[in-house]
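J.: Take a look at the letters that make up each chain.
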Amino acid sequence: MLTLLREVQIPLLAALLLGACASKFVRVMQAKSMAAGLGPTAMFPLKLRRPAAIAMCATEFGCGIGLIVTAGRFGGGTPATLIRLATGLLFLVATAALIELRSVRPDIGCGCFGEFSTAPVTWRTIARSALLAVAALVTMQLPVHGFETLSNSAGTLALLIAGELTLLALLSPEIREIMVRIGYSAPCELRVDNPDQTFAALQRSTQWRKHADLIANREPSDVWRELCWRYMAFPSRAAGKDAELVFAIRLDHHRKPAVLSALVDTATGAVLTWPATGAKHARARVRVARRAKLAYRPGAISQAERAAGQGPGGRINPPVDGQGATGFRR
Amino acid sequence: MVAAHQSSGEPDPASRPVYRAVSGEITDISPHFVTIGHVAGERRIALTAEATAWRGEPLDPSALSIGDDVVIRIIPSQSGTGIADRIWANIGRVCGTIIEAEGNRLVVAECAMREPQLVEISPLASVRIMVKAPNLRPGYLIDIIGVRHQDVLYGIVATSPQPPYRSDHVPPHRPAAGWLSDSITGSAVWHEPAHEPYGVLGVFYPAVDPATGCFEDAAAKVAPGQAQSFRELPYLAIGSALTVRNECTNMSWTLPVTGCSPTARLFNDHCVACKTSPRGRIADLTLASFVALGGELEQGCFNATLTIGR
Numbered sequence: 001m002l003t004l005l006r007e008v009q010i011p012l013l014a015a016l017l018l019g020a021c022a023s024k025f026v027r028v029m030q031a032k033s034m035a036a037g038l039g040p041t042a043m044f045p046l047k048l049r050r051p052a053a054i055a056m057c058a059t060e061f062g063c064g065i066g067l068i069v070t071a072g073r074f075g076g077g078t079p080a081t082l083i084r085l086a087t088g089l090l091f092l093v094a095t096a097a098l099i100e101l102r103s104v105r106p107d108i109g110c111g112c113f114g115e116f117s118t119a120p121v122t123w124r125t126i127a128r129s130a131l132l133a134v135a136a137l138v139t140m141q142l143p144v145h146g147f148e149t150l151s152n153s154a155g156t157l158a159l160l161i162a163g164e165l166t167l168l169a170l171l172s173p174e175i176r177e178i179m180v181r182i183g184y185s186a187p188c189e190l191r192v193d194n195p196d197q198t199f200a201a202l203q204r205s206t207q208w209r210k211h212a213d214l215i216a217n218r219e220p221s222d223v224w225r226e227l228c229w230r231y232m233a234f235p236s237r238a239a240g241k242d243a244e245l246v247f248a249i250r251l252d253h254h255r256k257p258a259v260l261s262a263l264v265d266t267a268t269g270a271v272l273t274w275p276a277t278g279a280k281h282a283r284a285r286v287r288v289a290r291r292a293k294l295a296y297r298p299g300a301i302s303q304a305e306r307a308a309g310q311g312p313g314g315r316i317n318p319p320v321d322g323q324g325a326t327g328f329r330r
Numbered sequence: 001m002v003a004a005h006q007s008s009g010e011p012d013p014a015s016r017p018v019y020r021a022v023s024g025e026i027t028d029i030s031p032h033f034v035t036i037g038h039v040a041g042e043r044r045i046a047l048t049a050e051a052t053a054w055r056g057e058p059l060d061p062s063a064l065s066i067g068d069d070v071v072i073r074i075i076p077s078q079s080g081t082g083i084a085d086r087i088w089a090n091i092g093r094v095c096g097t098i099i100e101a102e103g104n105r106l107v108v109a110e111c112a113m114r115e116p117q118l119v120e121i122s123p124l125a126s127v128r129i130m131v132k133a134p135n136l137r138p139g140y141l142i143d144i145i146g147v148r149h150q151d152v153l154y155g156i157v158a159t160s161p162q163p164p165y166r167s168d169h170v171p172p173h174r175p176a177a178g179w180l181s182d183s184i185t186g187s188a189v190w191h192e193p194a195h196e197p198y199g200v201l202g203v204f205y206p207a208v209d210p211a212t213g214c215f216e217d218a219a220a221k222v223a224p225g226q227a228q229s230f231r232e233l234p235y236l237a238i239g240s241a242l243t244v245r246n247e248c249t250n251m252s253w254t255l256p257v258t259g260c261s262p263t264a265r266l267f268n269d270h271c272v273a274c275k276t277s278p279r280g281r282i283a284d285l286t287l288a289s290f291v292a293l294g295g296e297l298e299q300g301c302f303n304a305t306l307t308i309g310r
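These protein sequence lines map, in sequence, to chains H and X. With the numbering used here, letter number 34 in the first sequence gets 34, and the count goes up by one each step, no holes. With the numbering used here, letter number 119 in the second sequence gets 119, and the count goes up by one each step, no holes.
Incorrect hints may have been included.
FRET-style restraints, in silico, Cβ to Cβ [said to hold, decoys possible]:
#: 1; chain 1: H; residue 1: H254; chain 2: X; residue 2: G37; range: 51 to 59 Å
#: 2; chain 1: H; residue 1: V180; chain 2: X; residue 2: V18; range: 48 to 56 Å
#: 3; chain 1: H; residue 1: L46; chain 2: X; residue 2: E50; range: 38 to 46 Å
#: 4; chain 1: X; residue 1: D151; chain 2: H; residue 2: R176; range: 44 to 52 Å
#: 5; chain 1: H; residue 1: V192; chain 2: X; residue 2: E100; range: 32 to 40 Å
#: 6; chain 1: H; residue 1: P120; chain 2: X; residue 2: E102; range: 48 to 56 Å
#: 7; chain 1: X; residue 1: V222; chain 2: H; residue 2: L46; range: 30 to 38 Å
These are calculated hints, taken from the structure and not from any lab test. For each residue, glycine too, the CB sits at the ideal point set by N, CA and C.
In isolation and in its complexed conformation, chain H is listed as follows (with noise of 0.2 Å):
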């Protein structure tokens, strides 16, 4: 049982190794500088920044490889020993620069697996660290199995290596990143949205239809955004005054998207009431109430609200029972 945890650790530290060097090495790429990947090496000077970087990737490198190639007959004695040897004190000495760093650059991840590990230095990634060095030493002197030996016992093998693996990932603050990044969903405050399809889901409203014998030109006099919402205003006439008719369109559902309108005095900005309308629109917004109700979500109506009633620069205002502004989905 121990011969085979020894075992384990051989190509677990080979893959930490080299994805510690790619991840590391795509940092650098995306962002051409090799200061960007700093972790340890903000504790150099600048002059040796650059190569400290490129040191520890190369050293991983030669680590990961000396490991692969090391593990069976070929190169087995002297030379595996001296790799296993030199992976234990890269991580000696890089939970000891984990330390340093807490203490003097407390605000930095350490940036073992490049982009993900950008979370400041905690106990949990120095505990790793410290765990691969003896994960290392271990393996020093560990005398070659066969592949019969090490298959007839690989079920064993697999448990070992899932416990490792699963003890390695609660020490490791870059899952939390990657898991973020899997699941990552843009809010739609950050989405950028096209107006032209905006423009055509509102087409497709009943707010739409119902106001748009008020439209006096199909070109919007002004586009603009906030947050979640697309606002667009049409020129039209109320009450023999100059008029504008501003819908509101949600980002969030691109084929139903809640509308809200509001009919404004284009001098005042004042809401105003909605013309009188014929038996056929009233029965149009009965049916439009009532879908309003079966449609209702409070998370999306008190957020319509908002941004139709305090929206900023005051373009929209609260709407007032009696007054031309209504809030329904479609």
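Using the hints, position chain X against chain H.
T.: Okay, now just chain X, sitting in the frame of chain H:
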């Protein structure tokens, strides 16, 4: 000056100083008064007993010279004309990407709409600046405050640690979760007025809706939504109202978004004016707004909280 609305919710607005900024060229100076000429004519302003000045270093206001371009912070007085308690002389700021570097002379591109700026780092300040901005090479970002003589800025202060990346390879910093809080905290900076109207109050916001509006991006031929940015901020429009709060002075004003800030969004720095702000610049204020919020121009930034809307 464009009127700004004082935000509600302040603990004690009456006891809070209300700052205004005026700028112009000194035409006369004495221990008790400073006279400046500006676009609206000449103005004589009394100095408080505690008034201080800055011209590359702190100095007494009476040591200022006729011909100095000054920004004066005014506090209300009983006479209603205001009195000066802080004067910055010949202060300038260059913030952008280094496009040429030769010894201590740098040419810096602020954005596609402005002429490149010439910066000469003062020999006395070069070590201090190099500590914060070690990469004085083309492609790297720089933000320097100094004393302006005609078209050259003599750099004296690097406001914050220089980003380690090139300006064309900005690593995006995504929020940890897929939602945004109602308020945004970060660093608020100021910029030189250039072609802005005199004394305008407003804020350049780094995330103006790309579909409708950042002229600087259009001039730089950046496709909508493709502009690089360190910090992702919710999209707003020119004209949106932002309540900007200076966490160091507890002063807040509601200001309109008057432009986009293609340079500020590239920076990943903290502001350490009073405490350490989260990374990234969230507002690039006009000079008058920065002063009105109690910011110290030579510090370059303050820790700010933005609330969208009034």
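J.: All hints are to be evaluated individually against the structure, with a verdict given for each.
T.: Each hint, compared with the structure:
1. H:H254 <-> X:G37: 51 to 59 Å: Since H254 (chain H) and G37 (chain X) have Cβ atoms about 56 Å apart, the given range 51 to 59 Å holds.
2. H:V180 <-> X:V18: 48 to 56 Å: Violated, since V180 (chain H) and V18 (chain X) (Cβ atoms, about 43 Å apart) do not stay within the stated range.
3. H:L46 <-> X:E50: 38 to 46 Å: 41 Å Cβ-Cβ, so the 38 to 46 Å window holds.
4. X:D151 <-> H:R176: 44 to 52 Å: 50 Å, holds
5. H:V192 <-> X:E100: 32 to 40 Å: Between V192 (chain H) and E100 (chain X), where Cβ atoms are some 33 Å apart, the hint holds.
6. H:P120 <-> X:E102: 48 to 56 Å: 38 Å, violated
7. X:V222 <-> H:L46: 30 to 38 Å: The hint (30 to 38 Å, Cβ to Cβ) holds, given that V222 (chain X) and L46 (chain H) are roughly 32 Å apart.
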